[in-house]
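From just these sequences and the hints, can you work out the full model?
Residue numbers (our numbering): 10 to 122.
Check before you lean on any hint, since a few could be wrong.
What the hints assert, rightly or not - Beta-carbon label-pair distances, calculated as ranges:
{"id": "1", "residue 1": "S48", "residue 2": "T26", "range": "19 to 25 Å"}
{"id": "2", "residue 1": "R90", "residue 2": "S48", "range": "20 to 26 Å"}
{"id": "3", "residue 1": "G43", "residue 2": "A108", "range": "32 to 38 Å"}
{"id": "4", "residue 1": "T99", "residue 2": "P60", "range": "22 to 28 Å"}
{"id": "5", "residue 1": "W52", "residue 2": "E87", "range": "19 to 25 Å"}
{"id": "6", "residue 1": "E30", "residue 2": "R96", "range": "18 to 24 Å"}
As the list claims (entries may be wrong) - Quick list of in silico lysine-lysine cross-link-like pairs, BS3-like style, CA-CA up to 30 Å:
{"id": "7", "residue 1": "K63", "residue 2": "K118"}
{"id": "8", "residue 1": "K75", "residue 2": "K34"}
{"id": "9", "residue 1": "K56", "residue 2": "K29"}
{"id": "10", "residue 1": "K64", "residue 2": "K101"}
{"id": "11", "residue 1": "K65", "residue 2": "K34"}
{"id": "12", "residue 1": "K55", "residue 2": "K29"}
{"id": "13", "residue 1": "K34", "residue 2": "K63"}
{"id": "14", "residue 1": "K65", "residue 2": "K29"}
{"id": "15", "residue 1": "K42", "residue 2": "K65"}
{"id": "16", "residue 1": "K112", "residue 2": "K101"}
{"id": "17", "residue 1": "K112", "residue 2": "K34"}
{"id": "18", "residue 1": "K75", "residue 2": "K63"}
{"id": "19", "residue 1": "K63", "residue 2": "K104"}
{"id": "20", "residue 1": "K49", "residue 2": "K118"}
{"id": "21", "residue 1": "K29", "residue 2": "K63"}
{"id": "22", "residue 1": "K42", "residue 2": "K75"}
By construction, these hints were calculated from the structure, which means they are not laboratory data. Ideal Cβ placement from N, Cα and C applies to all residues, glycine included.
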Amino acid sequence: MNHYETVFILNPVLSDTQIKETVQKFEDYLASKGASMISKEDWGLKKLAYPIEKKKSGFYHLLEYKVAGEAIAAFELEFRRDDSVMRYLTVKLDKHAAAWAEKRSARVKSAKK
Numbered sequence: 010m011n012h013y014e015t016v017f018i019l020n021p022v023l024s025d026t027q028i029k030e031t032v033q034k035f036e037d038y039l040a041s042k043g044a045s046m047i048s049k050e051d052w053g054l055k056k057l058a059y060p061i062e063k064k065k066s067g068f069y070h071l072l073e074y075k076v077a078g079e080a081i082a083a084f085e086l087e088f089r090r091d092d093s094v095m096r097y098l099t100v101k102l103d104k105h106a107a108a109w110a111e112k113r114s115a116r117v118k119s120a121k122k
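This is the structure we're talking about:
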């Protein structure tokens with residue numbers, strides 16, 4: 010099982026329930042492929058660096074998980090099929106990036122307290 014991190018941007022015109030349903034759909038898909046979720050973060054509405062589909066902002070979400078490498082191509086196909094997803098990026102983390110991600114999530118958890 011490899012360690013991956015996926016960031017995706019959702020359309021800013023979606024309601025809160027639509028956003029939660031979309032994120033839950035992707036989490037459920039990973040769970041169906043045997044992934045173990047390490048962390049997930051909702052970064053909220055952010056301004057985009059350049060317009061995408063004539064939109065200037067989007068809802069950012071991050072999923073960090075471990076899954077077999079064969080599941081990634083099908084996972085990214087789900088992103089392409091979903092009209093609410095404007096952009097996505099999946100990165101395989103090496104041991105140094107995984108250590109940094111662990112520090113980042115610990116920092117985020119301590120900031121929420």
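We went through each hint and held it up to the structure:
Distance hint for S48 and T26: a CB-CB separation of about 23 Å, consistent with the stated range 19 to 25 Å. The supplied range of 20 to 26 Å is met by R90 and S48, whose beta-carbon atoms lie about 25 Å from each other. Checked against the given bound of 32 to 38 Å, the beta carbons of G43 and A108, roughly 24 Å apart, lie outside it. Range check, T99 to P60: Cβ separation about 23 Å, and the 22 to 28 Å hint holds.
A C-beta distance of roughly 20 Å is found between W52 and E87, which places it inside the suggested range of 19 to 25 Å. Separation of E30 from R96 is about 19 Å and conforms to the stated range, judged on CB atoms against 18 to 24 Å. Note on K63 and K118: the hinted pairing is violated, with a Cα-Cα distance of about 34 Å set against a maximum of 30 Å. The hinted pair formed by K75 and K34 meets the criterion: a straight-line CA distance of about 17 Å does not exceed 30 Å.
At roughly 20 Å between alpha-carbon atoms, K56 and K29 fall within 30 Å of each other, so this suggested pair holds. For the suggested pair K64 and K101, the alpha carbons sit about 28 Å apart, so the restraint of at most 30 Å is met. Restraint check for K65 and K34: satisfied, since their Cα atoms lie roughly 25 Å apart, inside the 30 Å limit. At most 30 Å may separate the alpha-carbon atoms for a hinted pair to count; K55 and K29 meet this at roughly 17 Å.
With a CA separation close to 25 Å, the supplied pair K34 and K63 stays within the 30 Å bound. Of the pairs offered as hints, the one joining K65 and K29 holds, with about 21 Å between alpha carbons and a cut-off of 30 Å not exceeded. Taking the CA atoms of K42 and K65, the gap is about 34 Å. The hint is violated against a cut of 30 Å. A C-alpha spacing of about 17 Å is found between K112 and K101, which places the hinted pair at or below 30 Å, so the restraint holds.
Distance check on the hinted pair: K112 and K34 sit about 27 Å apart at the alpha-carbon level, within 30 Å; holds. A distance of roughly 34 Å separates the Cα atoms of K75 and K63; the hinted pair therefore is violated under the 30 Å criterion. At most 30 Å may separate the alpha-carbon atoms for a hinted pair to count; K63 and K104 exceed this at roughly 38 Å. Under the criterion of a C-alpha separation no larger than 30 Å, the hint pairing K49 with K118 is consistent with the structure, at around 11 Å.
Note on K29 and K63: the hinted pairing holds, with a Cα-Cα distance of about 23 Å set against a maximum of 30 Å. Restraint check for K42 and K75: satisfied, since their Cα atoms lie roughly 10 Å apart, inside the 30 Å limit.
Against the hints set out earlier in the document, violations occur for numbers 3, 7, 15, 18 and 19.
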